[in-house]
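Listed below, chain by chain, are the residues.
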Amino acid sequence: NAGVTQTPKFRILKIGQSMTLQCTQDMNHNYMYWYRQDPGMGLKLIYYSVGAGITDKGEVPNGYNVSRSTTEDFPLRLELAAPSQTSVYFCASSPTTGSSYEQYFGPGTRLTVT
Amino acid sequence: GQNIDQPTEMTATEGAIVQINCTYQTSGFNGLFWYQQHAGEAPTFLSYNVLDGLEEKGRFSSFLSRSKGYSYLLLKELQMKDSASYLCAVRRDYKLSFGAGTTVTVRA
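Order-wise, the sequence lines are chains A and B.
When we follow the working numbering, the leftmost residue of the first sequence carries the number 1, and every step to the right adds one.
When we follow the working numbering, the leftmost residue of the second sequence carries the number 1, and every step to the right adds one.
Think of the hints as simulated: they come from the structure by calculation, not from any bench.
Here the structure is a predicted model, which is why all the values come from computation and not from measurement.
In this text, a Cβ means the ideal position worked out from N, Cα and C, and glycines have one as well.
Careful, some of the hints might be misleading.
Here are the simulated lysine-lysine pairs, DSS-like style, with alpha carbons at most 30 Å apart [to be verified]: (1) Lys9/A <-> Lys57/A; (2) Lys57/A <-> Lys44/A; (3) Lys44/A <-> Lys57/B; (4) Lys57/B <-> Lys68/B; (5) Lys81/B <-> Lys57/B; (6) Lys9/A <-> Lys81/B; (7) Lys44/A <-> Lys9/A; (8) Lys57/B <-> Lys76/B; (9) Lys44/A <-> Lys68/B; (10) Lys14/A <-> Lys57/A; (11) Lys44/A <-> Lys14/A; (12) Lys44/A <-> Lys81/B.
Here are the computed distance ranges between Cβ atoms for each label pair [stated by the list, open to error]: (13) Ile54/A <-> Arg92/B: 16 to 22 Å; (14) Pro7/B <-> Ser67/A: 37 to 43 Å; (15) Thr105/B <-> Ala82/A: 32 to 38 Å; (16) Thr26/B <-> Lys57/A: 17 to 23 Å.
Start from the sequences, fold in the hints, and give me the full structure.
Now the structure itself:
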């Protein structure tokens, strides 16, 4: 199993540009999450999904959108990028059986908006 | 909501013991996680406590007191590779709320 994979690893955007951060998991987990992590700060939940076709907002959803058309994929869309969106973005997934709902994280996408 | 506090930084010597405290105030609680995060990498799971008491896993132990809203992570026989950030996270249903993390520096 590859686990949770994210692309790209790094990206520089100009203000006002848009992009999609990709996230895929091959563990058949129903729950998936997007976080951002700023220096010296904890992970903040942007959006989450409890299954294909179902998404909901987390703590800091403004400026972002998500979709979940399959169990495996959970892309995060940035429209009209702003410098405040400079951050490291982590995708995570968790199983629902058993469970402590332990989250498994992808390697992250480092985004700079200038 | 969740309010999770942990110290910003700790420094210790190789071979020593370090205890990282985490206090939380929460409107709901289903368990507490500790994650390790090396610089530039993703968080990885260390431990999970749902009941009061101590959970031991090799050199790492985690303690929980639900009545006090308190947990600690104990790292024994510190090694240089333990230099990392340690994140406390409170679970409510299937979502986690994270503290800001404690950066542990291990010195020779």
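Original post:
So which hints don't hold here, by number, going up?
Top reply: none
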